[in-house]
Structure formats: structure tokens, C-alpha cells
Amino acid sequence: MVMQMDAAALKLVDFSCRTGAAPAFPYGLGERGVHEIAAAGHGDMPACAGFAFCAGLKRAGPGAIIWVSEHGRRRDFGFLAGHGLAGFGLDPGRVLFVHARKPREALWAVEEAMGCGAVALVAAELPGIDFTASRRLSLASEARGVPAVLLLGPRCEGATAAAARWRVRARPSAPDRWDPRAPGHPRWQAVLERSRTAPGAAGRTHDLEFDHETLSVHMVSRLATGASRPPSPAAGDGGDWRETG
Amino acid sequence: MAANRAARTGGVVPGLGFSDAMARLPRLESEEIDRAGDRLALRRLAGWMGRYSPLVARHGSDGLMLETTGCDHLFGGEDAMAAEISDRLDALGLTARIGLAGTQGAAHALARAAPESPAILAPGEEHDGLAGLAVSALRLEDASSRLLRRFGLNRIGQLYGVDRRALARRFASREAAEAVVMRLDQALGLRGEPLAPIRPAPAHSARLACPEPLLHREGVWAGLERLLGEACRELAWHGRGARGFRLAAYRSDGSVSCVSVRAARPVRAPGHALRLFGERLDEIDPGFGIDLMVLEAFRPDSMHAGRPVLSAELAGHTLDMHEVSALADRIMARLGEGAVQVAVPQSRHIPEQAERLVSFKGELADWPARDGAGADRPLRLFARPEPVEVLAEVPDGPPIRFVWRRMARRVARADGPERIAPEWWMEGGTSLPTPVPVHEVATATTRPERDPSPSGAERAGAAQPALSATHRAAPAQRAVKRTRDYYRIEDEAGRRYWVFRDGLYGDGRGGAPQWYVHGVFA
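Chains as they are written, first to last, in this note's numbering: chain Y, 0 to 244; chain B, 43 to 564.
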């Protein structure tokens, strides 16, 4: 009995800590609630997945990660490759892929997966979601304490009950230190369109860069992301490095 | 031809020619035999006979064989069982003849030739019981039984005393004589005969007969709960769990509806199995009423007591595999077999074969710790590489511009090539989608077929584009494995792709190489 009381008290303390502190960058993405990550354009779906992995899914606690994908998404954007996942510092062995034929089935699978005690996080890629479905998923997520990340297409605009919505687009990558002609660390622009956990942060634009070596995400200043064209091979220290190296 | 009872009393016997039959019975009504329909009806009846025994086999074109050992006590003995089967089939409008004996051959003979319909022989009585029946009841070929009749051997009992070697001499072929002896031995139980049931015998089964036919889902649900409780208790008693359950609802109108569920790991928790059925129970149609439900448990396996693995705890992820597989079972019960998959690494070089998505079988895949090759593999791969039109420098420059999914994209940065040669030590090729020849022409016209490499003599005019297009369309040529050069490229919007050129210029394995998009980076 005493043990149980302790556990409850601990949970409360934990909860107060979490709500008391000012929410920092991912604003609860992958930690609690349902978060939507919408693509800015049709070709930005892979960028959404990348952002989800490096910002959100790494925060998932121990347990299985359920990746639900609707058939059309899987056909259009390919399946998640285990070797690619490993590149994001995620153990592909923890991921269970659920293949749903219809969006309805995918939503059902997400809700079902939230009810499982061994699941740390549920991610789903869907063409879109309506208010009722997102409300239902939010309630399930709150009740079971399993976070969910929904990857949505570019046409997802309307109001939903999700905790936050991100809008992600791919940005030209960082210049490679050793080869100016090669793509460097991937960069994304993530706009927090709305957020219930951090309403003050809504509308903020984050320019992010992912480092495969250290498996960390950096904020990049606007200035650095402005360049869409690679510097010419002759200029800059990149060329020098290449020659001496 | 076949004949019903009324026709047979008029002198028409099965096997008679049509004109003879019309001569004997001018008022005869005839219909074309619907053999396919008969087969289907017999198969349906075989499914329904599962209510009497789990082992039902089709027997010839017009018979069913049931292994009733251990089943008759459910109906109050063999006589009562035979009577009930006879009554039930009568009520369904089927004329049936029933023979019950210790061997298949004897049962067959009784059903075909015994004077009364439920004819029952106790085990060991075959010798005397069959003696008075006609030889044709022994499952012989027509020629053989005709020959035996010509010798005056009309009854099975007359065969008992015949010298077998003398019998063999009478027949034209040794096989025909041996067939007669074999059928006789099988009927008498001197030689074994296996039964080939339409469905394998379940490991455990539980049955629930309903005094009133069930018409509603609630009733089925309650019955299923009871059956699962019973089956799981039995599984627990044996210390096992089952990987599959099958619920058969036998309707009073002679049809069956079945639902099967599968589990990734052995299950014996009634609650879990009930949830699996819950997704599918609507498939059971009560129709005019269900009067018998049978639950069968398949593929039993020993259960491992739930204990967390210490190494898993040390490794940082404590996964309760029972919970995970319970979830996978529920999802697969609703979304279909194979809806839950895990990626399993393979020690192969070809990217699409470096991992395999397999259906979840209760185990997670073991991936090696990150080997540092992460950044150069895309997050998403296409199941089949998609052909693209590419403008690239010949022979091995990265793409400058490419058209993928009808959108032209200009390449801002590129890295590569990463050359992946075919695995010559593996059998079989990796077949790529057949490229449309238009693509090849496009490449050929953008870059005239001039050879900048010094090894031009080696290919000696082998690569005329027009010729190559026809060559590669041929199926024999498609299986040719070519070296691939992979490039990581980024377009002006910052979208990153993984493209490859299938083949080298002048490798002598077909025409000009074709380009493909294989995946996209995050």
C-alpha cells in the first residue's frame, strides 16, 4: 500500500515538474499527447519522417515503437528502411511496422496500439485526419500515457484536437565540410503552427540540422540556411581542406 | 447415369446406357449430371459433417468417410450416432446410406451393399459380416468385379477360401489381381489404410451443443466464452498454448460458418483469444440458428513462463514480448495476416536485399549496433526502384537534371558514386522493372554515344541504343545483373534522393544503363 502511495506521489511530482517548467524545443513531441507533423509540400513527406525521428522518436521511453502506415503512403513514399533508421540512432529491432489498407484501419491500429503496455510510442502516416478522430486519439493518448506522432500530407489544414501541429519542409543541406559539391547534414524548416502545451511558441520557425555523427539536432541561424546554392568549389575553406586532405 | 429410388424400382440401375433406360422406363425424366455442383455440395456436406467427427475425408465421388473413434459416446453410442446422422441427413432432404465398421473397406462395403441403411459391424466381425455382400462392394474396378462374377465369385465370402495364387493367374495383369487382394485385406483389417481428412485433426477441441438454436450474436459470444474457457483449461492442463483457434458454428440448415484466428505466440489466456475473436465474430452468420459450436485449438506449443530477460534489461529496452505479441495478434486479426511486420537485417550488399520485412512471429529482429554507415542509407526505400529520365555526364558523372514522377528536378549537389557490384556468388538475379525504351532514347539523344573512356576498343560498337532497347525488353536479358553506381543527390528545394545507374557504359551487359530512384533521404 505504501509502495503504491509512493508511486502515485512520484508521478504527481513528475507531472508538476513537467508542466511547471517552461516547455523547450520539441514542446512535448514524442513525450506526451498527439502531435501532428504535416508536410509543407507533396515532396516533403520524407523530411517529415526525418524530423519526427530526430526530434521526437528518440525521446520515446523504453518499449516498442509502432509505425503504422497506410497503404497509399507506403506506395508513394516507400517503406522505412531499417538501415536508414539506424542512421537516426534508433534500433530498428524495436520498431513494428503495421501495414493498413485504409486510413480507417490505420486509425484503429493507432488506438489499439496505445492500449498496449509495452508500447513506448505510436507513429502513423496518414493522408489526413478529422477532428473527431484526433480527439479520440488525444483522449486515448492522455488516458494511457502513450505519445503519438501523426505524419500528415500537405493538405491537412483544418482544426484538430492534437496537442501541436508542425509544418515541415526540406531545406538545402548544410555545406559539407570536406566536399562542397556533396550534400551535407540534412536540414529542415519546422514551423510550429499551433500548440496547446506551449501556446506562446506557436508560429515560431525552427531551422534544424541533424548531425549523423553525434545524433543530435542543432538550431541553425537564418543566415546560414539562406544559401540554397552551394558555394563554388574554388571559394571558401572547403576547397582547401579537400586539397590538403 | 445415376438413378433415384423411384427409377430404380422401375428397373433403371446406375451405369445403364441412356437409351436402354428409356426403353425400360419410357416415362423417365432425365437431367444432365452437374458434376461440379455435386462435388461442391459434397464438399459443403463434408464441412458440415465436422460436427460428428473432426476427421472427415472425401471418399470417391459420392461418399464421405468419418473417423468416429472416440466420438460416438457424445451421441450415446454407435447406434444412436448412426441413427442421428441418418435422421439429420433425411431432414436435409438427402438420401444417405450409412455403414459403420472397424475398417474403411468394410464401412464402404456396408454402405454400398448392405440391405438395411445404418449397418453396423462391431470391430472384429468384418469376416462374417461382409461374407454375404456382393464383391462389387469391395471398391474394385468394373472389369475386375465383372471377371470375378464370371468365375461365379459373387459374394465376398466366396473370396475367403480362394487360393490367392490361383486367383492371380486368372487375371490379365498382376496389378488387377493384387488390387482385388489388397481391397479384400483392407476390408478385413489385415492391411492398414490411412485416412486423408480434409482438415487436420485439432490438438484440442471443445464443443457446445445448444438445446435451442442460437440466433443472435450475444448467444454466440456467450457460447464462445464458455468454449474458450474449456479449451484453455485443457491447454493449461497439458502445459501448452495454441497458436491458432477455429470456431465452427454448425447451423441447423446443414451449413457451417467458421472463423479462424491466429496468434504469433502460443496462447492460453481466454481473454486474449476472446479479443482476437471479437474482431471477427461478425463473420459468423447465425442464419436459421446455430445448434452446435465447436472450438478447435491448433498448432500447440509449450508456453514459456513469462520472465524478463536480464540481458534485455541491461541493454536498455525491457520489452514485454507477451504484450507486444498480444497487440500484434489483435492487429493481425483485424487487418489481416501479415499486417504487422518487422525488418530483419540480411548480410547482403544489394540495398533492397539488405533487409527483409517479415511477418511478426513473436520475436523481434536483432539488429547489430550502429555501424556508422547510417548517413549514406536513405530513410525510405521504394519496394521497386523507379525508372527516371536523367541527364548526366557520361560515363560516370552524377545526374545534373532528372525527371521523376513527371517533375523535372535540377540537382544542386551530388555525392558519389558508391559502386555496388552484383553478388556473383548468389543464385538468381534482382529483376528491376522493365524500363520504357523512351527513357533510353532520351538519354541517348542528350548525350551522343561518344566514348570518352580509353577502353572503347573493348566494347567494339556493342551499344547501339536502338538495338539495346529491343534487347533489354527480352525477358532473358532482364535478369542480367549489372553493377550499380549509387549517388546521393539533392535538388534545389533541398529534397534528397538516392539514385543509381544500373550498369556501366560499355560493360557488355545490355545497352545504355538505365537510371532509377531507389529511395529518398529525410
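There could be a bad hint or two in this list.
Unchecked claim - Okay, derived cross-link-like pairs now, BS3-like style, lysine-lysine, Cα gap no bigger than 30 Å in a straight line:
1) K101(Y) - K403(B)
2) K57(Y) - K403(B)
3) K57(Y) - K101(Y)
Honestly, the hints are just simulated from the structure, not real lab data.
Between K57(Y) and K101(Y), does the CA-CA distance stay at or below 30 Å?
-> holds, 28 Å
Within 30 Å, alpha carbon to alpha carbon, are K101(Y) and K403(B)?
-> With Cα atoms ~23 Å apart, K101(Y) and K403(B) stay inside 30 Å; holds.
Quick one, are K57(Y) and K403(B) close enough, alpha carbons at most 30 Å?
-> The hint holds at about 26 Å.
The structure is consistent with each of the numbered hints, conforming to all of them.
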